[in-house]
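Participant: Listed below are the residues making up each chain.
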Amino acid sequence: MRMMEYRGDFLFWALVSILWTGFNFFFFSLILRVSDTVAGWTADEMYLLLGTFTLLDAFTWTFFYQNMQRYTRHVFTGSLTMLLTKPISTIFLLTTSSNSFNNIFRFLIGCAAIVISLHRMEITPSISSVVLYFFALMAAALFIYAIWFMASTLSFWIEKLDNINEIIPGLRRVMQVPRGVFAGAASVLFTVLLPISLVASVPSEILLQKAETKWVVWLFVSSFLSLLLARKFFYFAIKRYSSVGN
Amino acid sequence: MSQPVITVSNLKKHFTVYKKQPGLLGSIRSLWHREYETVAAVDDISFTINQGEIVGFIGQNGAGKTTTLKMLSGLLYPTSGSVSVLGYNPWNRKSAFQKQFSLVLGQKNQLWWDLPAIETFLLNQAIYDIPEAQFRKTLNKLVNLLDVKDSIQIQVRKLSLGQRMKCELIAALLHNPKVLFLDEPTIGLDVVMQKTLRDFISEYNREFGATVILTSHYMDDVKELCKRVIMIDHGKKIYDGLLSNIISKYARNKTLSLVFSESVTKKSLTEFGTVKNWNGSSATLLVSRKEATKIAARLLESLPVQDLNIEEAPLEAIIREVFGNKAKSA
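Chains A and B supply the protein sequences, listed in that same order. Under my numbering, think of the first position of the first sequence as 1, with each following residue one higher. Under my numbering, think of the first position of the second sequence as 1, with each following residue one higher.
No lab work stands behind these hints, which were simulated from the structure alone. On a predicted model such as this, the values are computed, not experimentally measured, just so you know. No residue lacks a Cβ here, since even glycine has one placed at the ideal position from N, Cα and C. Among the clues, some could well be false.
What the hints assert, rightly or not - Stretch by stretch, here's where chain A covers chain B in the computed footprint (C-beta under 8 Å, at least three residues):
1. 69-82
2. 99-106
Stated by the list, open to error - Calculated lysine-lysine pairs in the DSS-like style (CA-CA distance at most 25 Å, straight line):
3. 12/B with 141/B
4. 141/B with 86/A
5. 223/B with 86/A
Unchecked claim - Restraint ranges, calculated between C-beta atoms of paired labels, are given here:
6. 36/B with 183/A: 28 to 38 Å
7. 23/B with 29/A: 21 to 31 Å
8. 36/B with 125/A: 58 to 68 Å
9. 16/B with 29/A: 46 to 56 Å
Produce the complete structure using the sequences and hints provided.
Facilitator: Written as structure tokens, this is what we have:
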């Protein structure tokens, strides 16, 4: 609502987000010209993965990016003070105070890429697959939210932590490739310890009917655990809050 | 007899701050090594406040007033000590407690900058779970009292400071809190607006019996609203009692304003007290408070006094002297 008060800004960033998404698809199309597959994923499967990533990214950008920026700024400037007095979960207030709907067009592009890819591959997912796909997307979104929130919570110690909001989006490079790309230590890190590589891969695999149960379960479990941890970490950190001088 | 609403016992809050040497070298050095020191922002204070009281918190900048309010609001965890507000431990932050108090920080706002104030009011209605009928009734009353009907649908960032403060107060009072913590609510406002806000706070206290703690550097706020004040200096409570008793406790002098029927020399006045002003036909003397009546009688006998006025020293001057003396003796 606040962003739409500034129409020019809204339209400009909508355009930027569309162009960014277009460049992303273009970048992968260049790779796919050189190689038929990426870690065993065909071109259509890759576009479906990119479509899923775009959906997820549009969602996290819409609902998380501005809030995480504001979160670290609230701690630094002391404006967290006013949120802490409200009779409502502070985490909820921090998480939902701002949305950026200028990513709505990316959301539509992502949906289109998924539908077109499925059509080209002549795959009609079952209703159960579609339902599981959406739940997996939600779990993925919650996982991203949890690690982003925990990283932003470090601002209670580190004070000025603007760059954390650039590191987390930087992990998007890991999110938009198949999990099979990673090997060795990188695979352990991005699949098991910090399963960022599962967030777009697993939902896509569900639609493509090639998902492995263990990774589906691990995506849901790690989302749940990371949410719990994020909450505990916040309530531990809040005791350190010292506001700022008047 | 009113029940205590706020009870503070041996409250302490210490902050750890670091000192940095000036300049680029100092900045580089501070990446590896920092000197920390502990600042006692609130240092063992205790007091109780009964329902319906409006209590002034007076102190210099950095005395610990706002830190105390923040602990009473549950925003900061104390280093030690205990606090009870409306029977709750504030830093447990129970929503039942948070629905009964409000904190207004004059230098911070809760209104959303990009949206009209009414949007924040509607948000607060949802957060505080205020029934629609009660919300409309309270909102209309507050809007009319503060005369901001034309302002609440304009972007907050486009409002004047006075209009914003009025809307801040409305946002803070929509849920009819029983306890109000007002931290410099009139800061930066013009004299007319200050008076408007003071009248409003007084009216709110009268109508709802709300307990109010007010911090302000404007003595008019304290004089008009508070019968009782708590004075804080360097985190310690140095006075807790009636505002009127500050004068009898701390004021050392009184001011005698004299008008003469005939011209009087300055020298003839010096035996009575310190001459602050003199122009032959009138003068102002500073005399010992205890001797003021006797000195006035002697002046009337000895000099051609046409008019004589005895005044207490202004409250601001007394408080300034109190804190000034504390600083010198520190």
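Participant: Next step is simple, just say for each hint if it's right about the structure.
Facilitator: So, going through the hints one by one against the coordinates:
Only residues whose C-beta sits within less than 8 Å of a C-beta in chain A count toward coverage, and the region 69-82 of chain B has 6 of them, enough to reach three; the restraint holds. Counting residues of the region 99-106 of chain B whose beta-carbon sits less than 8 Å from any beta-carbon of chain A gives 5, enough to reach three: the coverage restraint holds. Our distance criterion of 25 Å between C-alpha atoms is broken by residue 12/B and residue 141/B, whose separation comes to about 40 Å. Among the hinted pairs, residue 141/B with residue 86/A is consistent with the structure: their alpha-carbon atoms are about 23 Å apart, no more than 25 Å.
For the proposed pair residue 223/B and residue 86/A, the alpha carbon gap of about 31 Å is over 25 Å, so the pair is violated. For the pair residue 36/B and residue 183/A, the supplied restraint of 28 to 38 Å is violated, since their beta-carbon distance comes to about 46 Å. For residue 23/B paired with residue 29/A, a C-beta distance near 53 Å fails the hint of 21 to 31 Å. Roughly 59 Å separates the CB atoms of residue 36/B and residue 125/A, a value that falls within the hinted 58 to 68 Å.
Between residue 16/B and residue 29/A the Cβ separation comes to about 55 Å, which falls inside the hinted range of 46 to 56 Å.
Going down the numbered hints, you'll see the structure goes against 3, 5, 6, 7, while the others check out.
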